[in-house]
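Novice: The residues making up each chain are set out below.
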Amino acid sequence: MAEYDPQTARAQVAMAGARGVTAEVLSNQPRKDVIRNTIFASLLFLAIAIALAGLCLLIGKNLVDGWSRLNLDLITQNNSSIPENAGLRNAIIGTLWIMAFVILMLVPIGVGTAIFLEEYGNRKSRITRLIELNIQNLAGVPSIIYGLLGLAFIARSPLNLGYVILTASLTLTLLVLPVVILASREAIRAVPPSIREGSLALGATKWQTIRRQVLPASIPGIATGVILAISRAIGETAPLIPLGAATFVTFTPGPTTDFTAMPVVIFNWVKQSQPEFQTLAAAGVLLLIALLIVMNSFAIWLRNRYEQTW
Amino acid sequence: MTQEERRTEQRHAGSAGDGAAGAHPAIEVRTEFQHARHSGTNEKVFELQDISVFYDGVAAVRDITMDVHRHEVTALIGPSGCGKSTLIRCLNRMNDLIPTATVEGRLLYHGEDLYGPKVDPIQVRKLIGMVFQKPNPFPKSIHDNVAFGPRVLGMKGDMDEIVERALRGAALWDEVKDRLDSNAYSMSGGQQQRLCIARCIAVQPDVILMDEPCSALDPISTGKIEDLMAELKQQYSIVIVTHNMQQAARVSDRTAFLMVELDADEKHRWGRIVEYDETEKIFTNPSDSRTEDYVTGKVG
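Protein sequence lines, in the order shown, are assigned to chains P and U. Residues in the first sequence are numbered consecutively from 255, following my numbering. Residues in the second sequence are numbered consecutively from 642, following my numbering.
These are computed hints drawn from the structure, not numbers from a lab. Don't be surprised by glycine CBs; every beta carbon is placed ideally from N, CA and C. Treat each hint with caution, since some may be false.
To be verified - Pairwise CB distance ranges, derived in the manner of DEER restraints:
id : chain 1 : residue 1 : chain 2 : residue 2 : range
1  : U       : K939      : P       : V288      : 56 to 64 angstroms
2  : P       : S448      : U       : H909      : 23 to 31 angstroms
3  : U       : G752      : P       : Q390      : 26 to 34 angstroms
4  : P       : S448      : U       : K939      : 49 to 57 angstroms
5  : U       : H909      : P       : N376      : 19 to 27 angstroms
6  : P       : S448      : U       : Q690      : 48 to 56 angstroms
From just these sequences and the hints, can you work out the full model?
Specialist: So this is what it looks like as structure tokens:
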């Protein structure tokens, strides 16, 4: 049994009081702050909710409308004037052809431009700055303008390719080039200068440094940019219409034939009067959205998987 | 690439216009350099004669005159902003990478003008390697980091052997021999810096430049790299920039003390050499009072 010590008892009482005051002060958050915080957080939530609601509405509506036609027939049957027999097969093949040529032209031109601007271009020179400004402007030009450009210069003279898949690929390449150039530049710029210095200090040439250090390190970023650019190109309808994309094609397209593409066919179905075509269109939209989600997810996975932290 | 080929290539690329002298001085050095294993020859690797460096026409260092001797560690010390890094980057023409930088004066490398009209900076950097302030391994495996230099230079021979020799030379082999394929960024900072040294000696340079190689490292890693320098100078000549006076005193044979100088209206500042001598003399009996103030810690 401890002896009673009034000094200790007083100290304990004082400490208990102090603790109470401390707890009071710490928990006493001004009401105004609480309200402000709540309002601001709700506004931010509302913003993201609106964006997501739009997407959900789109997918939901199309699921309801198009569910009955979302089956294998959709991708195994060619287009047809009889809605029961119509499918996206030749449109998908057309889109694949277009995208194959887009990738072939997009990657070397886009990455080459980015390397030049980042590694060789003198950032202070007027020409470099002019090129940069124009690339940024081009990224904002409406896609129909590219369609008209393709019509005037690629389908007709001087290139005179006609209304074929190559014309569509060239036009779409021009359309999404800025995306790839900007993404590649970001990726190249993210490689720290110390890596270039380390390579050059070993006696490597500038090109060896770019080829063996800078490019491998920036490939994840470049690939992400390319995938995002292609997923944009896949969904483009407007620039293809002036290029003579046939809305009704029943044969299998090749590089130099008349052509069509998925969004063009869907666009055509929506215009038809029969309700069966509306169902088909909804199913087509779902397919396109699924494709885009897969591609973008792959791009995100690629970026996270191979991203180098310096 | 064999020694023979390297020599031929060097002659081809770098005989900066002294037809009379015949062989490239750097070549003679390379043939005999295996024999000279003692420290402190009187042979000069670099002769700096009134070197000034300008960025956009503004001087960063002025009128640097000093000789760097073979198989020695030469330290550059001085306060921040005195142009130590600028100066060391002249020695392997890294300053060429900065478009606004200009170098004046004469810089002889084994008697050859390093800034001569026919000298290719790429060839210079093959012979004069560099280790940087912050470890900068490539985002590749440990093996590929070391093999990168020999590969781009086209060196012949068993790459695994070259890599092992370089890693042993940098006192890193025992720590990494079981994980040569893991990413270099999985190593500690001190190991990364020794990897950078291994990468540098893998191409068998003549000189190693070190720009504050320990400033980002802990004392234990620093100690390892300092021990390493004492070994490396048997084979290579080393120039080291350091802001750590004790380090200069520990590792170097000669020390140059640089200081910041201001012009009359205090608008411009540049570095200038105050004193250059044997390290022992600099730290025990300097001839300039400013050196004494700095090494004793009164200023700086």
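Novice: Give a verdict on every hint.
Specialist: Right, here's what the structure says about each hint:
At roughly 58 angstroms, the beta-carbon separation of U/K939 and P/V288 lies within the given 56 to 64 angstroms, and the hint holds. In this structure the supplied range 23 to 31 angstroms holds for P/S448 paired with U/H909, their Cβ-Cβ distance being about 28 angstroms. Between U/G752 and P/Q390 the beta carbon distance is about 52 angstroms. The supplied range of 26 to 34 angstroms is therefore violated. The hinted range of 49 to 57 angstroms is not satisfied by P/S448 and U/K939, whose Cβ atoms lie roughly 35 angstroms apart.
Look at U/H909 against P/N376: about 26 angstroms separates their beta carbons, and that is inside 19 to 27 angstroms. In this structure the supplied range 48 to 56 angstroms is violated for P/S448 paired with U/Q690, their Cβ-Cβ distance being about 31 angstroms.
Comparing the model with each numbered hint stated earlier shows that hints 3, 4 and 6 do not hold.
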